[in-house]
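For the sequence shown, position 354 (counting from the first letter as 1) is numbered 354 according to this note's numbering, and the numbering increases by one without interruption.
In case anyone wonders, no lab produced these hints; they're calculated from the structure.
Where hints are given, some of them may not hold.
Computed list of lysine-lysine pairs in DSBU-like fashion (alpha-carbon distance at most 30 Å, straight line) [stated by the list, open to error]:
1) K347 x K357
2) K103 x K365
3) K136 x K168
4) K183 x K136
5) K103 x K320
6) K314 x K292
7) K106 x K183
8) K320 x K292
9) K365 x K136
10) K106 x K168
11) K357 x K314
12) K347 x K314
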Amino acid sequence: MISRPRVDVENWPSMSVLAMAVENDCISALYIEEIVQTNVESSQSVTSKDAECEATSLIPGLPNDLALQCLARVPRRHHLSLRCVCKEWRNMIASEYYYSLRKRLKLTEGWIYAFSRDYFECLHWHVLDPVTRLWKELPSMPGDCLRRYGVTCSVVERELYVMGGGGKFHVPSPEVYKYDPVKNEWTEAAAMETARCYFVSGALNGRLYAVGGMGVTSSALTSWEVFNPETNEWFFREDPNVVSDLGESLVMDGKIYVRHVSACPGYMGSYAAVFDPVESSWAAVDNDMMKKWCGPTAVTGNDVYMLDQSFGIKLMVLDKESGEWGRIGRFSPHSIRLPCRLAAIEKNLYVVGRGLKTLVLNTEKTGIVSGGMLVASTINGLPDSEDVVLSCHVIEL
Numbered sequence: 001m002i003s004r005p006r007v008d009v010e011n012w013p014s015m016s017v018l019a020m021a022v023e024n025d026c027i028s029a030l031y032i033e034e035i036v037q038t039n040v041e042s043s044q045s046v047t048s049k050d051a052e053c054e055a056t057s058l059i060p061g062l063p064n065d066l067a068l069q070c071l072a073r074v075p076r077r078h079h080l081s082l083r084c085v086c087k088e089w090r091n092m093i094a095s096e097y098y099y100s101l102r103k104r105l106k107l108t109e110g111w112i113y114a115f116s117r118d119y120f121e122c123l124h125w126h127v128l129d130p131v132t133r134l135w136k137e138l139p140s141m142p143g144d145c146l147r148r149y150g151v152t153c154s155v156v157e158r159e160l161y162v163m164g165g166g167g168k169f170h171v172p173s174p175e176v177y178k179y180d181p182v183k184n185e186w187t188e189a190a191a192m193e194t195a196r197c198y199f200v201s202g203a204l205n206g207r208l209y210a211v212g213g214m215g216v217t218s219s220a221l222t223s224w225e226v227f228n229p230e231t232n233e234w235f236f237r238e239d240p241n242v243v244s245d246l247g248e249s250l251v252m253d254g255k256i257y258v259r260h261v262s263a264c265p266g267y268m269g270s271y272a273a274v275f276d277p278v279e280s281s282w283a284a285v286d287n288d289m290m291k292k293w294c295g296p297t298a299v300t301g302n303d304v305y306m307l308d309q310s311f312g313i314k315l316m317v318l319d320k321e322s323g324e325w326g327r328i329g330r331f332s333p334h335s336i337r338l339p340c341r342l343a344a345i346e347k348n349l350y351v352v353g354r355g356l357k358t359l360v361l362n363t364e365k366t367g368i369v370s371g372g373m374l375v376a377s378t379i380n381g382l383p384d385s386e387d388v389v390l391s392c393h394v395i396e397l
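Turn these sequences into a full structure, and let the hints steer you where they fit.
Spelled out as structure tokens, the structure:
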């Protein structure tokens with residue numbers, strides 16, 4: 001048995017805060033010893049390159065590497081409380097090392113961020129913790145973002161980006177804002193090279209892509225841009241295979257797929273393209289997968305799911321070999337209201353409908369009753385809400 005230094009909890013407030021934070025996930029003395037025994041070979045000493053808080057003891061009486069092993073096991077819902085304990089904990093929670101440690105220990109937790117528009121046509125962000133199964137509102141976006149239309153959102157690494165858009169009677173904007181879930185705050189990022197609205201975006205290999213859309217003159221934009229978060233710079237490109245009014249995007253197998261659906265009969269009834277990062281170019285795609293792609297998608301592992309909301313709400317899965325969308329089942333029209341968006345965390349699919357009411361379906365334990373109806377658990381939405389969900393995103397911490 002490894003000897004453990006005595007920690008004076010009564011005389012050190014931080015320990016009592018930690019105990020309150022972890023609640024049922026308390027780290028007992030026996031658990032700390034188990035951590036040491038199971039991680040003694042794999043744990044590395046914290047250096048100045050790994051963490052910012054080496055010079056000061058994180059938990060008095062414990063080495064910093066062991067203290068980090070303890071703090072890494074605190075559930076994500078308590079991280080904002082941990083940041084309030086002291087400067088060292090605040091810096092540690094925000095460090096890349098802390099995130100990489102939780103990821104290496106397979107302790108990261110995914111939360112769902114829903115972008116919606118309310119009855120008064122204002123935009124809001126809400127976040128869902130799948131453990132507590134409660135929706136909470138995020139701080140309001142800065143500037144005039146609350147009343148914009150044609151805004152596009154995407155997640156790069158651990159940050160949420162909101163791009164472009166414009167008012168009903170105003171020109172599009174190139175502005176970009178990002179949300180840091182660790183600090184729970186919005187900041188302004190570098191603006192796009194071109195003002196855009198009603199475009200699509202996707203994150204690939206640590207880069208953010210803004211594709212197509214409408215420009216200042218409302219003419220078609222056959223262009224795309226790529227953003228490097230490390231340098232905070234956008235790079236502009238043009239390609240004839242990029243069109244305006246793109247409806248959906250999908251990142252799959254190291255490529256970005258986009259689709260366009262026109263409301264004008266006889267004009268490009270459907271159009272799709274794929275971006276290859278190796279060639280750094282777009283190419284038109286015309287296959288069964290793209291032709292029958294007609295709703296929001298979510299990727300979990302190697303599986304791609306889609307919500308077909310024509311004539312009900314049907315859940316589809318992609319057969320990558322044949323390129324066909326196969327039907328899994330359908331959701332009851334009485335269980336959720338259209339329109340819906342789709343998100344995935346590990347093996348769970350989240351169908352988020354009007355008012356943020358959410359259906360949760362475990363893909364490994366899919367239950368189907370008579371008539372092909374899917375059995376799913378329910379998470380209550382916002383009370384008396386008619387908010388329309390525009391997009392859903394997942395951030396893991």
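So if I understand the rule, the pair passes when the alpha-carbon distance is 30 Å or less; does K106 with K168 pass? 45 Å, violated
Need the status of pair K314, K292: alpha-carbon distance at most 30 Å? 13 Å, holds
Starting from K347, check that the Cα of K357 is at most 30 Å away, please. OK: K347 and K357 at ~20 Å, within 30 Å.
Would you mind confirming whether the straight-line C-alpha gap from K103 to K320 stays at or under 30 Å? 29 Å, holds
Hey, K347 versus K314, does the alpha-carbon distance stay inside 30 Å? 18 Å, holds
Please verify whether K365 and K136 have alpha carbons no more than 30 Å apart. 28 Å, holds
Holds or violated: are the alpha carbons of K136 and K168 at most 30 Å from each other? 28 Å, holds
When you check the alpha-carbon spacing of K320 and K292, does it fall within 30 Å? 13 Å, holds
Assess, step by step, whether the Cα of K183 is no farther than 30 Å from the Cα of K136, and give holds or violated. 15 Å, holds
Under the criterion that the straight-line Cα-Cα distance not exceed 30 Å, is the pair K103, K365 satisfied? Answer holds: K103 to K365 is near 26 Å, not above 30 Å.
Would you check the hint for K357 and K314, treating anything up to 30 Å between C-alpha atoms as holding? 17 Å, holds
K106 paired with K183 [C-alpha distance capped at 30 Å]: 22 Å, holds
This entry does not satisfy hint 10, going by the numbered hints stated previously; all others are met.
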